[in-house]
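Q: For this one, chain A is given, so just place chain B on it according to the hints.
Letter by letter, the chains look like this.
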Amino acid sequence: AQSVTQPDIHITVSEGASLELRCNYSYGATPYLFWYVQSPGQGLQLLLKYFSGDTLVQGIKGFEAEFKRSQSSFNLRKPSVHWSDAAEYFCAVAFNDMRFGAGTRLTVKP
Amino acid sequence: KAGVTQTPRYLIKTRGQQVTLSCSPISGHRSVSWYQQTPGQGLQFLFEYFSETQRNKGNFPGRFSGRQFSNSRSEMNVSTLELGDSALYLCASSDTGSTDTQYFGPGTRLTVL
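As given, the protein sequences belong to chains A and B, one line each in that order. Sequential numbering from 1 applies to the first sequence in our numbering. Sequential numbering from 111 applies to the second sequence in our numbering.
With the rest of the complex left out, here is chain B:
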């Protein structure tokens, strides 16, 4: 089976812009979770989608949002970008949810200037 894919791999934006990241899970997986990874805060849970519904949400401002499509592909959107949003954004998919074994994509490296 193909692994989790994320596009784009690298992205440069300026403050105030918005960005959309995409994640395609492993075929058959219904759960997609998003994480933000920074040197200072480490890996932090953003949210989880399961069968097109947000099932869990981390402690991030409303500028961070996501959605999941009927084919389980997921997108994450960050509006009004801030310098602190620069991070590696990781997507993970699993069969049943974020408490199950998760398979990670390579990440999208977002730089905000």
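Chain A extracted, bound-state conformation:
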């Protein structure tokens, strides 16, 4: 069955530390891949996307993601987290429609 999985429900990191949020998908072919962020009471904002080409994708706010076909993964990374990065992060895959992972809530400790 087609699915997208975010294994970590909640992650806490210290401000200034590095961050990696995991995303795995299960599809017959490589779908389009996205990362969105949602702050409380807000809609979703696109961080970055992968359609094809270079497997390391740069996004807004200093985020990047790497597509690994062999692992069916599209993990999101940031080298140094800021307190304002605290939010919920969603990985999404688009094949016939767009499907979202369950989300990872990021808490940033001062």
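Simulated from the structure, these hints should not be mistaken for lab results. For glycine and all other residues, C-beta sits at the position ideal for the given N, C-alpha and C. Check before you lean on any hint, since a few could be wrong.
[As the list claims (entries may be wrong)] Label pairs and their in silico Cβ distance ranges:
hint: 1; chain 1: B; residue 1: 151; chain 2: A; residue 2: 11; range: 33 to 41 angstroms
hint: 2; chain 1: A; residue 1: 2; chain 2: B; residue 2: 180; range: 32 to 40 angstroms
hint: 3; chain 1: A; residue 1: 20; chain 2: B; residue 2: 118; range: 34 to 42 angstroms
hint: 4; chain 1: B; residue 1: 192; chain 2: A; residue 2: 11; range: 28 to 36 angstroms
hint: 5; chain 1: B; residue 1: 221; chain 2: A; residue 2: 39; range: 35 to 43 angstroms
hint: 6; chain 1: A; residue 1: 83; chain 2: B; residue 2: 119; range: 36 to 44 angstroms
hint: 7; chain 1: B; residue 1: 221; chain 2: A; residue 2: 11; range: 27 to 35 angstroms
hint: 8; chain 1: A; residue 1: 79; chain 2: B; residue 2: 150; range: 17 to 25 angstroms
A: Showing chain B alone in chain A's frame:
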């Protein structure tokens, strides 16, 4: 360009009533998709409209319906509301469809009592 707008932002209804939510996409976007977001089920795809035609539909009962107008504005209707319909309803617009980059509105928070 103005972003995606949704009205109303908050809504309280009682069981059995019906509700209509509205979404105005980014100017020039022809595709509007609707999602339901709940703590238990997460983000679930409801349906997508493109040029006034429903192009894709998620796994929701027939009580959930929608339409799109010639100016790309879209409405979503839920009839015979149930307590479980309480959710944040998000609308997203894109140029070509739900597999393209989607731009989300702030959502309508529906509470069913």
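Q: With reference to the structure, classify each hint as holding or not holding.
A: Do the hints match the structure? See the list:
One distance hint, 33 to 41 angstroms for the beta-carbon pair residue 151 (chain B) and residue 11 (chain A), is violated here, with the actual separation near 21 angstroms. Here the CB-CB span from residue 2 (chain A) to residue 180 (chain B) is close to 33 angstroms, well matched to the stated 32 to 40 angstroms. Range check, residue 20 (chain A) to residue 118 (chain B): Cβ separation about 39 angstroms, and the 34 to 42 angstroms hint holds. Taken as a hint, the range 28 to 36 angstroms holds for the pair residue 192 (chain B) and residue 11 (chain A), whose Cβ atoms sit roughly 34 angstroms apart.
Roughly 21 angstroms separates the CB atoms of residue 221 (chain B) and residue 39 (chain A), a value that falls outside the hinted 35 to 43 angstroms. Distance hint for residue 83 (chain A) and residue 119 (chain B): a CB-CB separation of about 27 angstroms, inconsistent with the stated range 36 to 44 angstroms. Here the CB-CB span from residue 221 (chain B) to residue 11 (chain A) is close to 30 angstroms, well matched to the stated 27 to 35 angstroms. Restraint check, residue 79 (chain A) to residue 150 (chain B): a C-beta distance of roughly 34 angstroms breaks the suggested window 17 to 25 angstroms.
Comparing the model with each earlier hint shows violations of hints 1, 5, 6 and 8; every other hint is respected.
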